[in-house]
Amino acid sequence: MNSVTIRQALEFIGLLSTSPSNPYNLCNTFGIEVIDNEPINKDGYLVCDRGCKLIFISSNITNRHRKKFIISHELGHFLLHREKLYCCTDISEIGISQINSNCQENEANYFASEYLLPQEQLLRMLPHESIRFSDIFKIAAHFDVSVTMAAMKATRLSNAEDEILLCYKGQQLKWFSSGDTGLCYKMLPQKCPVDLTRAPLEVDIGGVWDTLYEGTVHQEVFNPFEDQRLVLLSGTRCL
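My numbering puts the first residue of the sequence shown at 329, with every later residue one more than the last.
Everything labelled a hint here was simulated from the structure, so no lab data went into it.
Possibly wrong hints are sitting among the right ones.
Said to hold, decoys possible - In silico PhoX-like links for lysine-lysine, alpha-carbon gap of 25 Å or less:
id	residue 1	residue 2
1	LYS497	LYS519
2	LYS370	LYS381
3	LYS370	LYS514
4	LYS514	LYS497
5	LYS519	LYS466
6	LYS519	LYS395
7	LYS497	LYS370
8	LYS395	LYS381
On a predicted model such as this, the values are computed, not experimentally measured, just so you know.
Could you build the full structure based on these sequences and the hints that come with them?
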């Protein structure tokens, strides 16, 4: 990933924009028309051809935070790659390579993440102790991003570094986020050891996450949509 080029692009739009992190205003600045009333079979795509600049967003996507991220992703393509057409499927706020393995897709995701939720500003809002969903809700509201995006990025940058954020679809592990760079997908419970349909929103629990933590674990659960649940854990990590 060309992080230097991405940083230069972010600095460039920072000089142009009087309303930071507003992709709609940025599209107006660059003369890009956003079309979101067609049920296309992609999350979104960018067209730049003979002076025509268009970003298409599928009308099936109604969540406004999701729309903002997709537009920001396509703006990333516009600023970083500037080719005629990008068709993008499964645009990922969480930025995991299993979903977006293409280098340019990863760059566009990274650009969108930093544009909407700048790391430097986020660091100033993180607590010194373990992160809770109450902290994440404040971050999401402040930057006007999804709770999922705020949770993912906050846990990666945590000052406490003891949190693990797990996303389960039903009871099956979908992805995770943590500041522990030594942690890998295979080390985590593939099937959630607690019944997420009945789990309390917040509890101190023992004897469940013993492969990851010693003693009592602080567990919080948030349901972003449908059958997906975010499980935020913190406590004394196993060595």
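Distance restraint between LYS370 and LYS514, which requires alpha-carbon spacing of 25 Å or less: Roughly 30 Å separates the two Cα atoms, so the pair is violated.
Tell me if the straight-line CA distance from LYS519 to LYS395 falls inside 25 Å. Distance ~31 Å between LYS519 and LYS395 Cα, so the pair is violated.
Going straight from one Cα to the other, do LYS497 and LYS519 come out at no more than 25 Å? 10 Å, holds
Is the hinted pair LYS370 and LYS381 satisfied, with a Cα-Cα distance of at most 25 Å? Distance ~18 Å between LYS370 and LYS381 Cα, so the pair holds.
Would the hint linking LYS497 and LYS370 be met if the CA-CA limit is 25 Å? 22 Å, holds
Given the hinted pair LYS519 and LYS466, is their Cα-Cα distance within 25 Å? Violated, because 30 Å separates the two Cα atoms, which is more than 25 Å.
Distance restraint between LYS395 and LYS381, which requires alpha-carbon spacing of 25 Å or less: Given that 25 Å is the threshold and the Cα spacing comes to 18 Å, the pair holds.
For the pair supplied as a hint, LYS514 and LYS497, is the alpha-carbon distance within the 25 Å limit? Given pair LYS514, LYS497 holds - Cα atoms ~16 Å apart, limit 25 Å.
Taken one by one, the earlier hints fail for this structure at numbers 3, 5 and 6, listed in ascending order.
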